[in-house]
Amino acid sequence: GQQLNQSPQSMFIQEGEDVSMNCTSSSIFNTWLWYKQDPGEGPVLLIALYKAGELTSNGRLTAQFGITRKDSFLNISASIPSDVGIYFCAGQRVNTGFQKLVFGTGTRLLVSP
Amino acid sequence: EAQVTQNPRYLITVTGKKLTVTCSQNMNHEYMSWYRQDPGLGLRQIYYSMNVEVTDKGDVPEGYKVSRKEKRNFPLILESPSPNQTSLYFCASSLGTSYWGGSYEQFFGPGTRLTVL
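Chains C and Y, in that order, give the protein sequences. Counting along the first sequence from 1, when you hit position 107 you're at 107 in the working numbering, and nothing is skipped either side. Counting along the second sequence from 1, when you hit position 36 you're at 1036 in the working numbering, and nothing is skipped either side.
Calculated directly from the structure, the hints in this document are not laboratory data. Do not take every clue at face value.
Not the full set, but computed from the structure, chain C residues with beta-carbon under 8 Å of chain Y [as the list claims (entries may be wrong)]: (1) Q3; (2) L45; (3) F73; (4) G104; (5) G106.
Just so you know, even glycine gets a beta-carbon here, dropped at the ideal spot from N, CA and C.
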């Protein structure tokens, strides 16, 4: 099955720095989702995007649905140690429901105090 | 507390020994799904269920079976496990699948780490 290309694979940053990660696909998606997975836990939904060009914030997190509908970006501002984890993008393919979510390969974020 | 539970959380087994990983949700969700997570590959869907007695294959169904006899439970069955099924498994559930202009959030269980020797 298709996987989404997510980059970077990992990041090691200092507390207070801003972080950017992105997800790209060769095909169009109706919806983009961003999840965070804490160590030893299941993924938790952070932000959902439903329209091309949409920019949505959730606290220090901001995500955008690319105009081409083939990509999405997640930014974290002023990172803190609890931001550590794996971030996944996920897309809902055109013409299918959420039973066919496609996930990205993940970005592992480490934050140094 | 609304949650998705999985058991066991950790399992080490040997090739060919049938096993079942249970998944249960207490949110009256219609949709349930199983994923496996492998390094560098993200989460890949194994099977999903739209409702009781309705199941379908995801992207990587080979070697797995599921059943949905009750709304709250969605067990994952490995009839003859092999080492390439060593992975971290997640069960997820949501109220439905999608609706116009929005979505139903998927809630994930805590994961089951399986090692097949």
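Notebook entry, point to check: Taking the closest Cβ pair, is C/G106 under 8 Å from chain Y?
Noted result: 5 Å, holds
Next item on the list: Grab the minimum C-beta distance from C/G104 to chain Y and call the hint holds if it beats 8 Å, violated otherwise.
Entry: At about 5 Å, which falls below the 8 Å cut-off, the nearest Cβ of chain Y leaves the hint on C/G104 intact, so it holds.
Item checked: Supplied contact hint for C/L45, tested at 8 Å Cβ to chain Y -> 5 Å, holds
Check: Does the nearest C-beta of chain Y fall within a distance shorter than 8 Å of the C-beta of C/Q3?
Finding: With a closest approach of 6 Å, the C/Q3 hint holds.
Next item on the list: Grab the minimum C-beta distance from C/F73 to chain Y and call the hint holds if it beats 8 Å, violated otherwise.
Entry: Because about 17 Å separates C/F73 from the closest Cβ in chain Y, which is outside the 8 Å limit, the hint is violated.
Of the numbered hints given earlier, the model fails hint 3 alone.
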